[in-house]
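Colleague: Sequences and hints are given; from them, build the entire structure.
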Amino acid sequence: MSVAAVAQLLLEDVNVGDELPTLDYEVTATTVVLGALATRDWRPMHHDKDFAVHRNGTQDIFLNTPNQAAWFERYLTDWSGPRGRLARVTFRMKGSVFPGDTMSLTGVVESTEVDEVGCGFASVAVTLSVDGDTKTTCAARIALPRTGEDNPWARRGDQWRPSPTHP
Amino acid sequence: MTGNGSGDTLAEARDLIGKEQYHEVGEFPVERGYVWTSCASVENGNPLYWDDEVAEALTGGPVAPPSMVSVWFRPHHWAPGRIEEALPLQVHFDLKALFGLPEAVMTDNTIEFHTPVRMGDVLRTHQVLRSVSDEKTTKLGTGRFWVIDVVYANQEGELVAVEFYTGFGYRREVAS
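Residue numbers (the numbering used here), protein chains in the order written: chain A, 1 to 167; chain B, 1 to 176.
All the pointers check out, no bait thrown in.
Simulated pairs of lysine-lysine, DSS-like, Cα-Cα distance not exceeding 30 Å: (1) A:Lys94 with B:Lys96; (2) B:Lys96 with A:Lys49; (3) B:Lys139 with B:Lys96; (4) A:Lys94 with B:Lys136; (5) B:Lys136 with B:Lys96.
Calculated from the model, a selection of chain A residues having no Cβ within reach of chain B, i.e. all distances over 12 Å: (6) Pro21; (7) Met45; (8) Gly57; (9) Thr147.
Quick caveat, the hints were computed from the structure, so don't treat them as lab data. Note that CB positions come from ideal geometry on N, CA and C, so glycine has one too.
Modeller: As structure tokens, then:
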């Protein structure tokens, strides 16, 4: 596939308050186990229901944190397109996600900026919830191209500043 | 046991601030099969990870999703001759033990992404304690907050990512 054929969001297309499309996903035991193995997390509460229930006291096995990070990344780059370059994420875990849950990822643009070296960024507040209960929040900063030719991935060294200078 | 939170214990902990600890090297080179396994687990169809032409144009060849950075350090479930498993975030467990705090939670986790991770990279990591608070009481109990950085670099020494963890080690309040 040529790069020109790939849909790509530009910074100028993004406004504060924009909502990202919601992603709903029905979590199964396979989702949880696949996610645990994909992140090389062998701990039994992510694949052994007896252990999760009787040792951890949870209702079932549950999604591990690194796999949730992968879900957040997928959600953000589904929106941004492949030139979107993740710069910084902050997670807060509030509850677990179990097989049988339908998890919903939602996001809203909180700010946009062009930094001192000319790189465009959007800050997005993403929420993973189940039946309206927030399970994890993710504050993400993602670089977005400013023009059709711009490519944040091409930035190296001092030209790439993943954290805002004045957080 | 140590762990009464005496001035000596606090001084011992604060003496570690800023020092690099627990240098580790990943057990295997970054490889594309694992990238695809990860993308498949979350149905991530980003062509940057699946399409060679897109990867060449945008990143000069295949890279790994940034969120996978810690994946490259999780040890195999079994390895010949290994008798004990290293705990991730060992500094966190060291502080729990030092202060004699039986419970601990991570209150938040931030990851900052730098140089992209490429196929064949062998990453290395170390941990740095950044701060230890005075004793605090929260709804969980009484204990201390600490901030730990986990620094990831590639084989060229280029910074790949930094994780910042805030932990709270505590003792539950005894019901009166």
